[in-house]
Structures are given as structure tokens and as C-alpha cells.
Amino acid sequence: MSHDTLPRPRPVRTEKHDTRAPTPRRRHWTKRANPVAGLGAVVWLAIVIVPIYAMLSASLTSQDKALTGNPLTPPTSPTLDNYNTVLNSGFGHLLANTAIVAVAVVAIVLGLSVPLAYVAVRTRDRWSGLAFRLFLLGVAIPAQAVVVPLYLLIAKLDLYDSLLAVILPTAAFAMPVSVLVLVGTLRDVSEELYEAMALDGASPQRMLFQLAVPMAKGGISTVVIYAALQAWNGFLFPLIFTQSDEPRVLTLGLFNYVSQFGVNIPALLASVVLSGVPIFAVYLVARRALVGGLMGVGGK
Amino acid sequence: MPQGPRKRSGAATAGRPHAVWALPGVLFFAFFAVVPMGLAFYLSFTSWDGLGDPTPVGLDNWRKLIDDDRMIQSLWLTVLLTAASWVFQTVIALLLGVWAAGRQRNRAVLSAIFFVPFLLSSTAIALLFYALLDPNFGIIRENILGSSGGAFLAIVFVGGWQFIPFHTLIYQGGARQIPEVLYQAAAIDGAGRYRQFFSITLPQLRHTITTSTVLMVVGSLTYFETVLILTKGGPGTDTAILPYLMYEAGFKSYDFGYASAIASFLVLVATGLSLILVRLTGFGGMRSTREGM
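Chains as they are written, first to last, in numbering that gives the first Met the number 0: chain A, 0 to 299; chain B, 0 to 292.
Next up, chain B with everything else stripped away, as it sits in the complex (with noise of 0.2 Å):
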């Protein structure tokens, strides 16, 4: 492939890839990633039953995703769903993962098998606690997920029991890069180990916490697949998270442009909680990580 034109001249430029090497990634990812977005916020003002070809209605299904009740209560269900998953799997993953940090052999051989649920896909991890929470098979002979709060815990469990060895190896590779001699430094003015756990550890952490609470939080909205197997959204719509009322409303109903319209709110939500992570963490920290890996 022929060099590109140079516009600098000597050394600085000398044996520089043409960016035309970027285009292919750039157009693929554009046409199944970018333009679908898009396609997604037009297919919302249009009627659609996935065979025939879209038709203008306007406002109608934003109209009616104002006034669905479900979606109210869907968007809570999210949110709540985000949030307490947060919390089980930052605080869980956190500490296991500091432990995991110091190097001794035991540690090792448990940060191993620790990462094991890791290794299943949520499909085969939602069917296996599909068997095991069964009322007349499971460890727990009670129908915890035909209630309403029992299957939300259930949901928030098995996604933390899925996700946190992912996040704990994230912390562990966090605190192993903690200057050990900021301990020292502490040690010495007589900080204690739950003092230099709040003074140090959690500070130094704070990165890794932005860019592991990120990655919680475009996750949470991918427990598609465990609501689908262990509750299909139910007992009634009480664990119906958007996701799901989206792929009710497409695939279930056959009325894709109410779920597109569903889609796109999905994208709403997901950088509203991006930018309220922005004003509390600050993007610049979650940027400079990225641009660290």
C-alpha cells in the first residue's frame, strides 16, 4: 500500500500508516453499531410488524411510551437493579480483591477457583440457578422467584455471583499497582490497617472503581438474558426491566416501532447514567485510564 501524501516533512512522518488503514474497522463498526442507533431513533416514529416496510406515525409511540405504566415501572425496576447491584458486586468485589492482592499462595489458589463462575455464560448460568432456586428441586424448597421481591434479589444475586470474579481481578490488578511505599510511609505515622484501608487503598482505587463502576452500568442493562430465563419478567412485570419490555414489545408483540421507541429511550438512560457517573467520578480519570490500559 503506497504511503500516504506527506504533508511534514523529514522523520516525524517518515514510515507513518495512511489513516485510509482505519477505514474498514471504521466503516464495519459504523454500519452495525453507529448507523443502527440511528436507524433505531427513526424506526421509533414509525409503525412496524417487522414484515412490510415501516410507516410514518409520528409522536404516536413516544406518545404512548409517556403514558405505558409498564414503562414507568420499568425504568424504576432498572434503575433499582443498577444501583443494588452496584452496591453487592463494588463492595464484594472490592474487598476480595484487595485481599487477593497480596501474594500468597493460598490467595492464589482461591483467586482461581473464585474466577471460575466467570467461565460460564449467563445463559448457563441463569438456567443453572433456574435449577437450583426450582421450589421442587432447588437447595431452597420455597418459590422464591414467583415473588416479586425474592425474584429481583434472585436476579441481583446471580448477576453479582456472574460479574464479581470479573471485577475482583479488576481490583486485584488495581491494588497491586499501589505504591507499597505509601503503606510504609502510613505504617510509620502509625495508621492502622483500616486506616490505610480509607486512606490509602480506597483513594489509590479510585480509577479502577470509575472504570469498574462504568463497566457495572452498561452491564446491568445486558441482564437481558437472566431475566428472560429466571423470570420472563415476572411473577407479572415486577422484574421487567427495559430491556425486556423492548424485546416484549419487538419480538413478543410484533410492534417494533413502539420498541425502538423503547431502544432509544434504553440509549437516553444509559447516557443519562453516564453523564450523572461523569459529574461524580469525573470522565477525565475514566478517560486517562482508558488511555493508560
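Only chain A is shown next, with the shape it has when bound in the complex (with noise of 0.2 Å):
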């Protein structure tokens, strides 16, 4: 890198703890040691690693061992009965049901944004100004404060306890910010790409698919982990909108646990683990696409 071969004079210290060596040339500010920084890093680290060793450890624990004993010290036996049991109370069925969710809910998001994030960059209709501003304040609306509402429309149009009542509101309360990540890319597509397309004669829905839904892909790899993730953790309507065994959920269904294991918390630890299993599974395939994904939304 050039810069790394401009002459740097030394740099005028005034932090008195501030006592090293000139710095070497070759040096960069990013890769200068920071004690302070570093230390905050680690204690961070214990911060974030502690309750996920401690719920782990107690989930391999028995119970009446788990309630003598901290959860911060290894289990002396472990087991996996506590898997066992959770295993067994359903839990494939609520797995099964939050992945027909997260499916549906992507599908419609992506089926209803791209076309609309399409229209709000390639025409200069004012509706679709218009569209795409509704789009932008739709970020700032609360799911807490519909829910009511909802509840009745999604009554009066017979859907209360079913799928479909989770799947249609995640997938609205999802689209505004999908919306904007794909506006936010498909204008990194050049005006020229299209205007060669249009020469050769294309179709607008030819140059969605073959030129903009290609460009695109960061965008939209963005937007499936988003909605799949808004789907995956999504309480609020599940809870308020089915109350059945069959239409239950995955986070439904860890907040039932409470009430089903009591003061079974090894139990409860566990199923706690296994909902985390799909997704960091699915973190430790695709880990690049998904933080790549998720930084895009604050840069710049």
C-alpha cells in the first residue's frame, strides 16, 4: 500500500501513559496495539461467553444436581436426558412449523419486494415516489401497536389459529426495510446496462431477471436472512394470533415450556439450546453472507 512508504514523522504524544517506542514505518493506526481496546474486547467476550457456557453446561446437568450445584461449574455426569425430554414433547413439530414460517415468509417478501423496489428505481412515475415513501415510514411502525386491529382482521377473515396468521403479518412488517435494502442495490445497477438491454429490444420482466435480479444478489441475500430471521424470533403474532397445539411455534412453544417443565430449568435450558441449533448451523455454513449482509445496513 503506498501510504505504508510516505515518510511519517513521529507523532507528538500527549497522553502521558503513552510511553512506546517511535512508531516503525511499516506500522498502521488499525494495527497498533490498543491495550485499553483489547481489554474491553476480552471482558466483552466473558460477557457474551459466560451464559452461553452456563446454559450448555446446566442443560447437560441433571436435575436435582442442576439445583445443589452453580451453573458455572462443570457437570460431573453429563446427560443428555434433558434433550431427551424436550425431544419428546414435540418439539420437531414446532421446529417444523417455524420452518414452514421462515420459508413462506421469505417467498412472499421476496415475490412482493423485488418488483417493487424494481418499479421505485427504474420508473419516474410519481406513484411509485409515493410507494417507496410509504415504504420509508413504514420502518417506524411498531407490530406492538397493530396487534389489536390485526387480530380483528385476521378474525374477520377467518385465519385466527392457523399459519397463515403468523405468516401474512411477518411478512408485511418485514417488507419496509427489505424494501430500502433493495432499492439501496438495485441503484447500484447502471442506467447503461439497462439502456443496452432496451437497444436489443428486452422486455422490462427480461431485464428484471436477467440483468437486475443477478446485479442484485448481495441485496437480496440480505433480505432473505432478514425476513427468514424476522420469522425465526417472531413472538408477538404467534402468541396473539393462534392458541392451538398444531399452528404452535418454535418461540410459542419455548414460552410454554415455562409453564410445562415448571421448575425444570435444565429441561428448559436445553430446549433453549436446540432452538439455537438450526440457526447457528446455518451461521457456520453461510457466516460470511450473513454479517456481510447484516454490516451493509449501517455503512456509509
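Simulated from the structure, these hints should not be mistaken for laboratory data. Backbone N, C-alpha and C fix where the C-beta goes; we use that ideal spot for every residue, glycine too. Hints may contain errors.
To be verified - Listed next, the stretches of chain B that the computed footprint assigns to chain A, with coverage defined by at least 3 CB atoms under 8 Å from CB atoms of chain A:
1. 87 to 93
2. 245 to 257
To be verified - Here are the simulated lysine-lysine pairs, DSSO-like style, with alpha carbons at most 30 Å apart:
3. B/Lys231 x A/Lys64
4. B/Lys231 x B/Lys63
5. B/Lys63 x A/Lys155
What the hints assert, rightly or not - Examples of chain B residues lying across from chain A (beta carbon under 7 Å, computed):
6. Arg15
7. Pro16
8. Trp20
9. Val25
10. Ala39
11. Ala107
12. Leu109
13. Leu118
14. Leu126
15. Leu131
16. Glu141
17. Gly145
If you follow the hints, you should be able to join the two separate chains into one complex; please do so.
Shown next, in the form of C-alpha cells:
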């Protein structure tokens, strides 16, 4: 890098605790050790890891031992009984429902947001500008504020206590951010490419599928991740719009375990661990896409 | 699908999609988000038990809202929780994000670990701390959730534990986009690390801070799950934030008219907070950050 070859005078140091030797030329500001920041990072590491460790350790401990010991001491005779208890109490059904909700929400959000964002970027229609502004405002609508009227709508549509009652509102509330992300990426597709395709006589839908969608892959994967996380983590809509076992999703199932398992905290924690496994598996496989996609939200 | 009527001629309009393409998405969003917002306002002027039809009662619910001591406490708690969460999360996420923006291997590994809490749902995280803070079982064998200050701080901490990873990521992305040349110039001028942080990093991150702040403020209104699982609004009503009060009025007491009044009030509070943010940070900045996304 060219800046490494620049002659760099020794910086004047004002902090009295900073008494290191002159900075070697090749050192970069971000690579200089910062002991205070490093220490802070390690402290935060402990804050992140200790609860996770306590959870894993307790979930492997039998209930009577858990009540006498401290969750920070490693289990002396690890057991998978708690996991068996959870898996035998309908966990698979909860997982399947959640997967259905996640897939459906992602499909609806993509199916509706991609054409919408494409129109917002490509047309100079005043209606499309208006539509875009609607979604800009939509970011600020808290789901809590509309849950009562939605309850009324869901009941009138005869959807109460069905998976659709969870899927439809979850998809709607994932749309504003999705549209904003997609508009951002679609805007980066250069006008010349569209013009070149237009000269070849391509229809708008061909441009969408053969140019815009492939070029906006990054934005689309961010939207997939975002919508899937919304569906995976959703709690309020399932809590209010469903009641029976049939359409129950994972988050609500976890919530019900509190009363079901009562004081059996190790089993409760095993269910929390199990609920995190699928998304953690996705994280291990697609870490780069996941983190990179979300990082873009606040960039610039 | 036919291309719409061409009002302008030439290549500028050739191959442009018709605005009708946006209609399904707009209608869907309007039906499930915008219309319900209007409906909530309408329902706040009715009495409705969730079964029959809503009957208009004029301003009754709003009068009740103004006279309700719990509402005043709840509003205060909501604002306090939002403010405390903002301070806690912004300070830590900003520092961690700027630190993690450096490109060392150990930072990449630590950042990967830091992100893990974000992978658990709010429900799972609330349950995890419900267990870890249990006086008979947990790490600290004291009844933290039983004291009003402890319960409040627990909610702030648990919210931070969950969302700091996400905001760290946002700040990391922001910090990586600061032009290197600014730091070189500052170093030549003799600015030390802390001076560089306050004179370059912080001002350069102002749009990122705005984005993150807006997400935090909107997000802290959704601490409902954490409150419901961790404290059920207690002890007493000491952690009953507005969304929780609304939930109790509607889905516990079946007073949906009153719940709608609280919900409408919640929208007003959210809008009010946004307007304050506009004043303090400039929505223009927010908008350009959004548009440049």
C-alpha cells in the first residue's frame, strides 16, 4: 500500500501513559496495539461466553444436581436426558412449523419487494415515489401498536389459529426494511446496462430477471436473511394469533415450556439450546453472507 | 405484461416497468400494517371485548388513559428503558465496532464469537436469563428480578446482550468506510489515538450512529418479549412498559378499546421520539444513509 511508504514523522504524544518507542514506519494505525480496547474486548468476550457456557453446562446436568450446584461448575456426570425430554415433547413439530413460516415469509417478501423496489428505482412515475415513501415511513410502525386491529382483521378473515395468521403479518412487517435494502442495491445497477438491453428490445421483465436480479444478489441475500430471522424470532404474532398445538411455532413453544417444565430449568435450557441449533448451523455455513449482508445496513 | 402508456418518448423510458408492478406489494403492506394503524385509532373510540362488534364510546378510553396512573409510570419507564438501553448499547457497540474494524485475525475470530447471542431469538434469550437469574438455580443467588431496580437493569442488560452484536456489526461496517487518509493526515499533524478517535472516527460515524440509534429506539419498543418472560411487568408494575400495558389491557383484561388507545398513544410516543431524533441528528442524514444503503 502506498501510504506505508510515506515518510511519517514521529507523532507528538500527548497522553502521558503512552511511552512507546517511535512508531515503526510500516505500522498501520489500526494495527497498533491498543491495550485498553483489547482488554475491553476480552471483558465483553466473557460477558458473551459465560451465559452461553452456563446454559450448555446446565442443560447437560440432571435436575437434582442442577439445584444443588452452581451452573458455572462443569457437570460431573453429563446426561442427555434433558434433550430427550424436550425432543419427546413435540419439538420436531414446532421446528417444522417454524421452518414453514420462515420459507413462506421469505417467499412472500421477495415476491412482493423485488418488483416493488425495481419499480421504485426504474420508473419516474410519481406513484412509485409515493410508494417508496410509504415504506420509508413503514420502518417506524411498531408491530405492538397494530396487534389489536390485526387481531380483528385476522378473525374476520377466518385465519385465527392458523399458520397463515402468523405468516401474513410477519411478511408485511419485514417488507419496509427489505424494500429499502433492495432499492439501495438496485440503484447501483448502471443505467447503461439497462439501455443496452433496451436497444436489444428486451422487455422490462426480462431486464428484471436477467439483469437486475443477478446484479442485486447481495441485497437479495440480505433480505432473505433478514426476513428469515424475523420469521424465526417472531413471538408477538404467534402469541396473539394462535392458540392450539397445531400451528404453534418454536418461540411460542419455548414460552410454553416455562409452564410445562415448571421448575425443570435444565430441560428449559436444553430447549433453548435446541432452538438455537438450526440457526447456528446456518451461521457456520453462511457466516460471510450473513454478517456481510447485515453489516451493510449501517454502512456509509 | 404490457408496457405502460409512454408519456415520454425515446430511450429514457424504453423498457421501464409499469408502476402497476408495485401494486401487490403496496396493497399487501397497506392491508396488514397501514390500515391496522388507522383501525387502532378508530378502535380507541370504541368499547370492544374481542367477541362482539365494537361499540363507539367517544373519548372514554382516552379519558381513562389520561387518568391512569399506571400509564404515566409506564410512559416514564418506556422512555427510561429506551434511554438506558441507548447509552449501554451505543457506548459498547461503538467501541467494539471500531476496534473490530481493524483487520487482525484475532479480531475476526472474536467478532465471530461476539455475534453468537444475536442468533438466539428474543424469547430464547429471555428464557436463558430467566433461568440464570433464578434465585434457586442461577449464577447469582439473589432475587434480582424481585427488586424493581434489579428487574429494570436486568431488562436493559438482556436487551443489550442480544442487540449489541448487531449494532457492533453496523459500527464495524461504518468504521471500515472511513477513508484511511484522514488518519494519516491526523498522524502527520501529531494527533494521538484518542484525539483521532474523537476528531475523526466519531464525526465520520455520525450517519452510522443515526441509523443505529433509530433502529435501537424502534427496537426498544419491542422489548415486550423480554418483559413478558423475565418479569411479567413486575415486581408490581415496575417494569410494565407501554407495549406490556397494552398487552395486559387487551389480551388479559379483554378491554380492546382501551388497549387500542394505549397502542395509538404508543404510535404517538414513537413518532415523538423520531421527531426528537430528527431535531438532534437531522433526518436528512438518516435519509441519505438510507438511500445510499
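These are the hints, each one checked on the structure:
1. 87 to 93: violated (count 1)
2. 245 to 257: Contact hint for the stretch 245 to 257 of chain B vs chain A: holds, 5 residues under 8 Å.
3. B/Lys231 x A/Lys64: holds, 28 Å
4. B/Lys231 x B/Lys63: Measuring from Cα to Cα gives roughly 23 Å; hence the hint holds.
5. B/Lys63 x A/Lys155: holds, 28 Å
6. Arg15: Interface hint status for B/Arg15: holds (5 Å vs cutoff 7 Å).
7. Pro16: holds, 4 Å
8. Trp20: holds, 4 Å
9. Val25: holds, 5 Å
10. Ala39: Holds - the Cβ of B/Ala39 comes within 7 Å of chain A, reaching about 5 Å at its closest.
11. Ala107: Violated. Min distance 10 Å.
12. Leu109: Nearest chain A Cβ about 6 Å off; hint holds.
13. Leu118: Because about 5 Å separates B/Leu118 from the closest Cβ in chain A, which is inside the 7 Å limit, the hint holds.
14. Leu126: holds, 5 Å
15. Leu131: With a closest approach of 6 Å, the B/Leu131 hint holds.
16. Glu141: Given a least distance of 13 Å, the restraint on B/Glu141 is violated.
17. Gly145: Result: violated, 16 Å to nearest chain A Cβ.
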